[in-house]
Structure formats: structure tokens, C-alpha cells
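Visitor: Just so you know, the sequences run in chain order A and B.
Residues are numbered in this note's numbering as their position in the first sequence, beginning at 1, plus a constant of 45.
Residues are numbered in this note's numbering as their position in the second sequence, beginning at 1, plus a constant of 26.
To be clear, the hints were calculated from the coordinates, so they are not data collected in a lab.
Heads up, a few of these hints could be off.
[What the hints assert, rightly or not] The calculated DSS-like cross-link candidates involving lysine-lysine, where the alpha carbons are at most 30 Å apart (straight line), are: (1) A:326 - B:54; (2) A:105 - B:106; (3) A:105 - A:326; (4) A:109 - A:326; (5) B:76 - B:106; (6) B:76 - B:54; (7) A:326 - B:76; (8) A:347 - B:54; (9) A:342 - B:54; (10) A:326 - A:342; (11) B:54 - A:109; (12) A:346 - A:105; (13) B:106 - A:346; (14) A:326 - A:347; (15) A:346 - A:109; (16) A:346 - A:326; (17) B:106 - A:347; (18) B:54 - A:105; (19) B:106 - B:54; (20) A:105 - A:342; (21) A:346 - B:76; (22) B:106 - A:342; (23) A:342 - B:76; (24) B:106 - A:326; (25) B:106 - A:109; (26) A:109 - A:347; (27) A:109 - B:76; (28) A:105 - A:347; (29) A:109 - A:342.
Predicted model only: the values in this text are computed from it and were never measured.
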Amino acid sequence: MAAIHYADQRFELEPGQSVLDGLTGQGVPVPSSCRAGVCQTCLMRSTEGTPPTAAQHGLKDSLKARNYFLACVCHPTQDLRVVLPDAEEDRQTATVRGLDLLGGGIMRVALECHAPLDYRPGQFINLFQGTGQVRSYSIASVPGLDDHIHLHVRRLAGGRVSGWVHGELRPGQTVTIQGPAGDCYYPSGTPGQPLLLIGTGSGLAPLYGIVRDALAQGHCGPIRLYHGSRAPEGLYLAEELRALAQRHAHFDYIPCLSGPDAPEGYAQGRVHEVALRDNPKLDGWRIFFCGHPEMVKLGKKKAFLAGAALRNIHADEFTVGPATEPGA
Amino acid sequence: MSQNTPSLYEQLGGQAAVDAAVDIFYRKVLGDDRISHFFEGVDMDQQAAKQKAFLTMAFGGPHHYTGLDMRRGHAHLVAKGLDDSHVDAVIENLGGTLRDLGVAEGLIAQVAAIAESTRADVLGR
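Isolated chain B, as found in the complex (with noise of 0.2 Å):
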């Protein structure tokens, strides 16, 4: 029944959607002061590849992340005091760079839900 729908990942653009947005959340992420100490050291071209699967995911997009990706992949952050302010900051700069990218505030919502359902296994929770 949905075969005429676009999916949320078409409706952004799907790939290029992705390519656009990268570079802008990731400056956004490194420039936010909230959470940049956790990238720091990070290779930038190994760290860029991962938001650019993030994004991929959080556009609902093909994906392979399962919750337990999720958790091994941040563990070392927790423990380093990852919370949910920080969370929070991550869907905020992922709205910012929708909004730069002129997207429509429906969409942005579809798309921080999918970032907020990652929370829980983002925090070890």
C-alpha cells in the first residue's frame, strides 16, 4: 500500500540528501561547545564516515545499525559522561542543518524521531 509513498529518505533526496548535510552537521557538531571535547583526537575522515551512516539512518535510510552497534559504539563516551544534554545537542544541530538545507519542519520532526529512538542505546540505558 505504500508502494507510491515516498519514503522520508526520498522525500530529503535520499544520497544526496545525505552529501549535502554532512559537512554541515559535522561543523556544527565540532563548533558546538557542548559536546565538541568528545571528538576530540578523532580522525576527521574515519569520524565524517560515521555521521554520514548517522545520517543516512536518521534520513531512513538503508542502514545496517542495530541497538547493540549503538551501545558498543558510544560505551566509551558514557563513560567519558555522555548524557542526555548531550543528545539533546546532537538532534538540535541536526535540525539546524535541515533548516539550512531548507527542509520542511514535518520532515525535520520525522527525522529527529528517528535520532530519538537511538537514546536509549546511545546512553547504555
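With the rest of the complex left out, here is chain A (with noise of 0.2 Å):
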């Protein structure tokens, strides 16, 4: 039979016994809910084997491809080493390469991993100040076409590790960093299927990545991003996108202002409203939102309800750190 690797353990799987039952039968927290493949509660991830598809069924894709499967139902022909989503250990240093303000108040950092990093962009890393203070940042580059590794930090009023990558970060520093994670990537396969990009502030990090991932993997169906913002100057990278779309006919960009006057060359309006206005049915469309939770929130619901499949939809909400903690 099968044996299962957690923790530094070994775990012998009985005849008919799942991945769960074995470990939580041992001791193992694993959590779980329905034991039925379905809640996705018990979700787990093999570092080493693969798991048998019946124990990855209805994941997203992008999961599948990374070896995620649930525990409940999980049946392997061989061994199986595991870990919990959370308890992937996997931190490590890189050396701060560069650092510019992009407009906005962003800055993109620039990070040369010391061991080479397997990411898709789109996923973000955590990256910590010190031993401390850690937020979750988007990556925005793309692996070869950039060097290293691109994160757009927008200084937050009080934020403590936004205010420290653009007060005191400077390049030559040696950074830790974990991950990566989150499945808002571009996945392969499906070339002709329309996408559609929305993202506010420094949301637009994850879809910068995506897009250039998706146009350098020669995806040939129409990509359409919206980035949306109060004014002008928090639309960042616009001129790198507008070359963008005036190289690739099939690629739109569509720049958004939400307050009440918008310029000529810009879409005036809520981002994700613009863009569902533009776009009303999503049947078969792939869909990334990042950006503020509450757009996240109400845009997946509303291109939902036009049509997109839930497993097409991918969102990254951008949820904002406790700034200065009580005595701090």
C-alpha cells in the first residue's frame, strides 16, 4: 500500500483508507468538513508524487496543475509526500535590484532571488520586514521576459512595510521572502479563450504579469484590460500598456476614471462597471479581478451572473494591512 510523507513522518495508508483518515486517524490536524471531495476544506498539496485525479476533481485547474488535491478523497497508487497549504515552509533571501516610483505612488521592486523562483505571474510572494511585519505582494513579471522579480508596493498612509520599501528599502539589501502562492495566473491550454482583466491601484501588478504571460505564450483570443482609478496619475504603466495594445491588435486597454470628469482616452466610470457594461455576456470568458475587496467582491458576482463560470473566475482581493498597531 501506499504511504504518505507529512511532516517528517511516515504514514502507512490501510486498504481503502484516504489520505485523511490515515493522517487525522494518527493525530494529524488535516481540516475538513464534508468528506466528500467537495467542500474542499481538506485541501492539500504534494511536494513529491502524483496524486490520482479522482482526488482532484472540481479544483481549478491551476490548483490540478500544482498537485493540489483533497485529502478525503484521495486514494494514491504511490507515496505521497504532503503538506498543508499553509505550512508550506518555504521561505528564502533575495537582493533588492531596483527600485523605482512607477506614478501613483507605487513603487515597482525589483528582486533577484538567491535560488531560483518557480512562479507564474500573477501569484504573489510574502515579503517580510525583518523578522516581523509581512504582506503579500503580486508579481508582475514575467520569467523571461524580466530578470527578477517585479512587485508594486503603493505607500499606504501608515503602512508600515509599504512605508519602509519606499523610506528605507534600498537597492543591494538583502530581503526574505515566501512563496509563491494564489492561483490568479494565466494558465496554458486554452489560447483562444477570451480575457478579461479588471483591476484598481496597484492591482494592476498580478494583471501586468498576466497579460504579458498570456501575449508571450502566444494567446491569440481577445484580452481586454481595465484598470481603474480615481485620477489620472494612479494609472501607472499607461504608456507601456498603450505600446502594448497598439503591438498587439488583439490585446484592448482600456484606462478608468471613477470620479466625474474623465479626459478624452478614458473610460469614465466604476472599473468593474465599465467593463462589464462593455462586455455583458462572459459565456466562456476567463476573468481576473485584483484589486479592492469590495470591487472584487461585486465584480465576480456581476460576471458571474453574466455568464463566466465560476472556475473561470480569478480574484485577488488586496486587503489592507493593520497600518500602526497600538503601541507600536
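Quick one: dock chain against chain with the hints and give me the complex.
Guide: See below:
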């Protein structure tokens, strides 16, 4: 029978026993709920060995591709080394190679990882300020196009980590990162599928990575990027995106301003409303939402009601960490 | 004796039928003004997983729901005014979903009957 390796221990599975039962029966606290391969509470990842496809039923393709599986319905035929999604200790160090203000209070941080980082544009990494504070930032760079990992860090009022990035970080400095993680990225295999990307503020970071990744991989279906802000200065990288749209006829960049007046060249309105108004039928589309949590929530619902399948909706809510903690 | 008779779940198409139904059903529910307010602010992916579990049960498939789970899971909605009319709306959307998928009326009635059997627990009676 197959054995499961978890946290340096070996667990022998009895005939017919699931990975979940095998682990929890020996006191490993794996969270679970439905125990029927439905609710995805018992999501785990295999770091060695391929989980059976039956244990990946219903998972997003991006999760399947990285050997995630549902422990409650996993009956492996080979040994697996498994981790819980949150328990992955994958920290490493990186050197800051560039700090560029892009406009709109956004700093592009370029990092050179000391060990190769296997990431997909649009995933996120955690950035540590010393050993204490940590924030998640999406990856805007594309392997093969960019030498380093690019993050877009917006300076937040009273923001600890963003304040440190903007005020204290210097090229040459070493930082600790963890990851990558997240399933907000371009999946290979459907080059003709229409893509709709909707972001606010620094939510452009993952979308900038995803768009360029899709184009680099030869995506031939329409790609429409809507970036929203209150004022034109918030729409950073606009020149680069306009140039990209000029070079690729199937890529459209639509900058949106939510303020009362929109100068020529901008759409007026909240970004998800403009995007859904322009594209009211979303059957068969793949959609990415990144940025303000309220926009992401509303947008997901509207896109779903407009016909997009849930498995084709990817989202990253940019929640803001505690600004200044009491007594700090 | 029932070894050779396919179960309701098998007749409907099993897991594949649940997968085909979940988006249609959830879209109907969210788009139904009678009940959509109960779903405001919930995480859509988590909610879809719950819908899937519910459909699996209503289709006569394998599940681990108990009456107590149903009571606990809906108590906060009952407090917000969940009543018979809302259960009616859900069962109606369930039937509409199966009709969209071309399921025979006889099977739809069986699914509706299973859903109906949870009414008292859902409403905490």
C-alpha cells in the first residue's frame, strides 16, 4: 500500500483508507468538513508524487497543475509527500536590484532571488520586513521577459511595510520572501479563450504580469485589460500598456476614471461597471479581478451572473494590513 | 433487490450532473430577487462548494448532511426572516436548473421531494 509522508513522518495507509483518514487517524490535524470531495476544506498539496486525478475533481486547473488534491477522496497508488497549504515553509532570501517610482505612489521593487523561484506571473509572494511584519505582493514580472521578480508596492498612509519599502529599502539590500502562492495566473491550454482583466490601483501588478505572460505564450483570443483609479496619475504604466496594445491587435487597454470627469482617452465610471457594460456576455470567458476588495466581490458576482463559469473567475482581493498597531 | 436498478443519483448522471448543475443553479438563486439578499457578502467560491454539497444530496448522491447540520447552517438565515416562501423559491430554481439540463420531469419530482424533506430542518421547526 502507498504511504504518506507528512512533516517528516511516514503514515502507512490501510486498504481503502483516504489520505485524510490515514493522517487524522494518527492525530495529524487536517481540517475537513464534507468528507465527500466537495467542500475543499481538506485541500493539501503533494510535493513529491502525483495525486490521483480522482482526488483533484472540481479543483481549478491552476491548483491541479501544482498537485493540489482533496485528502478526503485521495486514495493514492504511489507514495506521496504532502503539505497543508498554509504550512509550506518556503522562505528564501533575495537581493533588491531596483526601486523605481512608477507614479501614483507605486514603487516597483525588483528582486533577485538567491535560489531560482518557480513562479507564475500573477501569483503573490510574502515580503518580510525584518522578522516581524509581512505583507503579500503580487508578481508583475514574467520569467523569460524580466530578469528579476517585480512587485508594485503602493505607499499606504501609516503603512508599515509599504512605508519601509518606500522610505528605507535600498538597492543591494537583502530581504526575506516566502512563496509564491495563489492561483490568479494565466493557465496554459486555452489560447483562444477571451480574457477579461479588471483591476484597481496596484491590482494592476498581477494583471500586468498575466497579460504579458498570455501574449508571450501566444494567446490568440481577445485580451481586455481595464484599470481603474480616481485620477489619471493612479493609472501607472499607462504608456507601456498603450504601446503593448499598439503592438498586439487582440489586446485592448482601457484606462477608467471613477471621478466625475474623464478626459479623452479614458472611460468614465467604476472599473468593473465599465468592463461589464462593454462586455455584457461572459459565457466562456476567463476573468481576473484584482484590487479593492469591494470591487472584487461585486465584480465576481456580476461576472458570474453575466454567464462566466465560477472556475473561470480568478480573484485577488488586496486587503490592507493593520497600519500602526497600538503601542508600536 | 435494487442492485440492478440505477439510483436516482446514477440516473441523473452522478458527479458530472452535479458539476453541470452547480453554476446554473447558483446563478438562478443569485439572480432571484426573492432570495438573492440572503447571499449578499458571502464568499462565492465557498458558497458554490456548499451548493454543490446540497445538489449532491438532493440528487440522491453520497453526502454527510444531518438534520442538525441543516438547522445549524440555516439558523442565522431564519433569524433574518427565512421562511417557506424562500424554500419554495429554492426548490423552484432547482427544478428550473434540471429542466435547463433536459432532465425528465419524473426525476425532477424525485429531486424536489428530497429537497422538500429538508424543509423543517432548514426552517428550524
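Visitor: If a hint holds in the structure, say so; if it doesn't, say that too.
Guide: Each hint tested on the structure:
no. : hint          : verdict
1   : A:326 - B:54  : holds (16 Å)
2   : A:105 - B:106 : violated (33 Å)
3   : A:105 - A:326 : holds (22 Å)
4   : A:109 - A:326 : holds (28 Å)
5   : B:76 - B:106  : holds (19 Å)
6   : B:76 - B:54   : holds (15 Å)
7   : A:326 - B:76  : holds (26 Å)
8   : A:347 - B:54  : holds (13 Å)
9   : A:342 - B:54  : holds (18 Å)
10  : A:326 - A:342 : holds (19 Å)
11  : B:54 - A:109  : holds (28 Å)
12  : A:346 - A:105 : holds (18 Å)
13  : B:106 - A:346 : holds (22 Å)
14  : A:326 - A:347 : holds (11 Å)
15  : A:346 - A:109 : holds (24 Å)
16  : A:346 - A:326 : holds (13 Å)
17  : B:106 - A:347 : holds (24 Å)
18  : B:54 - A:105  : holds (22 Å)
19  : B:106 - B:54  : holds (21 Å)
20  : A:105 - A:342 : holds (19 Å)
21  : A:346 - B:76  : holds (16 Å)
22  : B:106 - A:342 : holds (22 Å)
23  : A:342 - B:76  : holds (18 Å)
24  : B:106 - A:326 : violated (33 Å)
25  : B:106 - A:109 : violated (38 Å)
26  : A:109 - A:347 : holds (26 Å)
27  : A:109 - B:76  : holds (21 Å)
28  : A:105 - A:347 : holds (20 Å)
29  : A:109 - A:342 : holds (24 Å)
Comparing the model with each earlier hint shows violations of hints 2, 24, 25; every other hint is respected.
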